[in-house]
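J.: Listed below are the residues making up each chain.
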Amino acid sequence: MAAIAALRALRKSSSPCFAPFRTTFSQSIRRFISTLIVAEHEGGFVKPSSLSVLAAAEAVSKENSISVLLAGSGPSVEKAAQHAATCHPLVSEVLVAKAEELEHPMAESWAEIVKMVQQKGSYSHIMAASTSFGKNILPRTAALLDVSPITDVVQISEPRLFVRPIYAGNALCTVRYTGLDPCMMTIRSTSFQGEVNPSAAKANPATITQIDISSLNQEIVGKSKWLNLSSQESERPDLGNARVVITGGRALKSAENFKLLEKLAEKLGAAVGATRAAVDAGYVPNDLQVGQTGKIVAPELYIAFGVSGAIQHLAGMRDSKVIVAVNKDADAPIFQVADYGLVADLFEVIPELLEKVPEKK
Amino acid sequence: MKIMVAVKRVVDYAVKIRVKPDKTGVETSNVKMSMNPFCEIALEEALRLRESGLAKEVVAVSVGPTQCADTLRTALAMGADRAVHVDAGTAHVLPLSVAKILRALVQAEQPGLLILGKQAIDDDCNQTGQMVAGLLKWPQGTFASKVVLDKENQKATVEREVDGGIETICLDLPAVITTDLRLNQPRYATLPNIMKAKSKVIKKVTPEELNVELRPDIEIVQVTEPPKRKAGVILSSVDELIDKLKNEAHVL
Chain E
1 MAAIAALRAL RKSSSPCFAP FRTTFSQSIR RFISTLIVAE HEGGFVKPSS
51 LSVLAAAEAV SKENSISVLL AGSGPSVEKA AQHAATCHPL VSEVLVAKAE
101 ELEHPMAESW AEIVKMVQQK GSYSHIMAAS TSFGKNILPR TAALLDVSPI
151 TDVVQISEPR LFVRPIYAGN ALCTVRYTGL DPCMMTIRST SFQGEVNPSA
201 AKANPATITQ IDISSLNQEI VGKSKWLNLS SQESERPDLG NARVVITGGR
251 ALKSAENFKL LEKLAEKLGA AVGATRAAVD AGYVPNDLQV GQTGKIVAPE
301 LYIAFGVSGA IQHLAGMRDS KVIVAVNKDA DAPIFQVADY GLVADLFEVI
351 PELLEKVPEK K
Chain R
1 MKIMVAVKRV VDYAVKIRVK PDKTGVETSN VKMSMNPFCE IALEEALRLR
51 ESGLAKEVVA VSVGPTQCAD TLRTALAMGA DRAVHVDAGT AHVLPLSVAK
101 ILRALVQAEQ PGLLILGKQA IDDDCNQTGQ MVAGLLKWPQ GTFASKVVLD
151 KENQKATVER EVDGGIETIC LDLPAVITTD LRLNQPRYAT LPNIMKAKSK
201 VIKKVTPEEL NVELRPDIEI VQVTEPPKRK AGVILSSVDE LIDKLKNEAH
251 VL
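Line order of the protein sequences matches chains E and R.
Residues in the first sequence are numbered consecutively from 1, following the working numbering.
Residues in the second sequence are numbered consecutively from 1, following the working numbering.
Because the hints were derived from the structure by calculation, they are not lab data.
Since we're looking at a predicted model, the values are computed, not measured.
Be careful, since some hints might not be right.
[Unchecked claim] Covered stretches of chain R, as calculated for chain E (at least 3 residues, CB under 8 Å):
| id | stretch |
| --- | --- |
| 1 | 53-60 |
| 2 | 176-190 |
| 3 | 221-232 |
[To be verified] Below, computed lysine-lysine pairings styled on DSS-like, alpha-carbon distance capped at 25 Å:
| id | chain 1 | residue 1 | chain 2 | residue 2 |
| --- | --- | --- | --- | --- |
| 4 | E | K328 | R | K246 |
| 5 | E | K263 | R | K228 |
| 6 | E | K321 | R | K2 |
| 7 | E | K223 | R | K228 |
[What the hints assert, rightly or not] Simulated restraints, written as ranges between beta carbons of each label pair:
| id | chain 1 | residue 1 | chain 2 | residue 2 | range |
| --- | --- | --- | --- | --- | --- |
| 8 | E | Q218 | R | K230 | 48 to 58 Å |
| 9 | E | E103 | R | S236 | 37 to 47 Å |
| 10 | E | E348 | R | Q185 | 27 to 37 Å |
| 11 | R | S237 | E | N204 | 47 to 57 Å |
| 12 | R | Q185 | E | H104 | 42 to 52 Å |
All residues carry an ideal CB built from backbone N, CA and C; glycine is no exception.
Required output: the full structure, derived from the provided sequences and hints.
T.: Laid out in structure tokens, this is it:
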């Protein structure tokens with residue numbers, strides 16, 4: 001670890017006596033992989049989606065030198081920094097930008113911060129999760145750094161060779177990044193679940209450094225203001241990483257009927273999802289939408305009630321381990337991807353399941 | 001105020017796409033092409049803002065080969081006042097290059113608002129809007145499900161669909177907005193408007209004329225089909241389902 005830090009310091013050194021030395025050095029250091037992870041936190045912890053990015057960074061290189069960037073205000077960001085410092089053995093540094101105005105992530109300030117951090121750290125890779133946060137911020141940052149980013153990476157075979165889904169996941173595209181550093185990408189978190197040995201990381205916690213954001217260009221940053229976030233408080237596990245997901249389509253017919261689904265979800269310890277049609281009809285809020293432009297999920301068990309199986313919905317759940325479909329229409333396309341299907345009325349099946357399903361342990 | 005809308009010609013959303021046997025891409029010849037659904041929503045929003053008196057002119061732009069003009073004709077038929085076609089030939093234009101082209105057009109046209117679809121349903125990148133905003137140093141309201149313009153104070157209040165629910169932000173104009181599905185329901189072009197569109201102007205330019213260099217930083221190595229799922233079974237009762245899930249799939 002110390003050797004890596006020394007190498008990085010040497011590379012950043014602007015001392016003239018190192019100049020000729022540095023040119024040959026920098027050509028071999030070209031292969032030196034270092035990654036800046038633009039991370040999210042909640043309740044004092046790094047979010048699971050950002051932890052998946054760590055697994056992706058490890059896939060880029062087992063010798064990756066990782067810096068985790070967090071921003072926010074108050075004690076929760078400090079606590080998250082502590083978590084970040086010990087969550088993965090490859091994390092060597094945690095960078096924290098703490099200020100009142102950073103309480104809610106806005107793309108304009110985040111892009112300036114990441115650009116500033118990149119100019120100082122010269123990372124070979126910059127990564128974020130493919131969440132609404134990552135998708136909002138990373139491309140803007142890439143434009144500031146004049147590089148082409150890659151969205152929604154599902155597989156990494158080499159430091160600059162990636163696979164990403166296109167056409168709603170109906171095709172997979174293997175791409176090679178041939179541009180200058182940094183190589184920037186967003187990671188589909190359901191594709192990277194790292195089993196991390198926490199004790200290895202805890203033995204050698206990363207350094208936590210505060211970032212000075214006083215030089216942020218207010219002319220750019222001051223043009224947008226956060227006003228409000230309306231979200232539903234729920235006891236249900238997070239849709240993005242639940243082990244079991246139960247989804248309802250428009251056939252549920254009302255918000256009331258979705259409560260039936262919730263009951264089943266509670267019994268199974270599952271998260272509740274919905275199709276675009278159900279959200280459009282107003283039965284459930286938008287954050288339950290699973291699909292090409294909603295959330296991508298890959299649970300152990302996905303049960304779809306009254307879901308026809310449109311291409312755009314399949315895009316969001318086709319990587320689930322076991323898919324169950326319940327639909328009155330035997331010709332519904334969903335049955336083509338389901339492992340187990342029941343051609344039946346969901347209003348009869350759900351109560352029966354409620355009765356017979358074993359209670360979650 | 002002028003509103004600029006960027007639209008993209010893509011494979012129609014209902015088409016079942018096929019990967020070419022030589023793995024170089026997806027089959028697009030003899031396949032129905034349409035305006036990207038998110039771009040239709042972007043155009044519709046611009047038209048509504050003009051109709052409510054908050055804007056004077058809607059300019060539609062598109063980057064791509066000759067056939068792009070068809071998509072722009074549709075935009076004109078829906079009600080756009082003018083169109084600009086940036087002819088990039090058959091070159092594969094990356095979002096960063098599209099963003100640079102849009103920046104050049106914005107600098108020439110000086111709109112108060114640039115609206116785009118949040119993503120194209122072919123490459124699913126979801127990058128262009130954010131990139132133009134960065135290049136222009138404009139604020140961005142992405143994944144918009146509602147836009148309210150305050151012309152007097154030159155601000156836009158945007159509700160956005162984010163992972164946690166609906167986020168509301170306020171942007172100083174000029175700004176970039178990218179549209180999400182629930183922002184509006186796009187209109188169909190009526191026959192009289194389709195006829196009127198034939199005489200509307202589509203200006204043609206090239207990336208070179210805009211001083212934009214198309215830099216191919218991402219190389220497509222191959223395009224393949226996703227792994228196929230094993231065929232499933234139709235069961236006959238809830239009891240059977242529970243049994244299979246418990247004892248065969250081991251997920252319950």
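J.: Now look at each hint and say whether the structure bears it out.
T.: To see whether the hints hold, each was checked on the structure:
no.	hint	result
1	53-60	violated (count 0)
2	176-190	holds (count 3)
3	221-232	holds (count 9)
4	K328/E x K246/R	24 Å, holds
5	K263/E x K228/R	33 Å, violated
6	K321/E x K2/R	50 Å, violated
7	K223/E x K228/R	47 Å, violated
8	Q218/E x K230/R: 48 to 58 Å	57 Å, holds
9	E103/E x S236/R: 37 to 47 Å	54 Å, violated
10	E348/E x Q185/R: 27 to 37 Å	34 Å, holds
11	S237/R x N204/E: 47 to 57 Å	55 Å, holds
12	Q185/R x H104/E: 42 to 52 Å	30 Å, violated
Of the numbered hints stated above, those contradicted by the structure are hints 1, 5, 6, 7, 9, 12, listed in ascending order.
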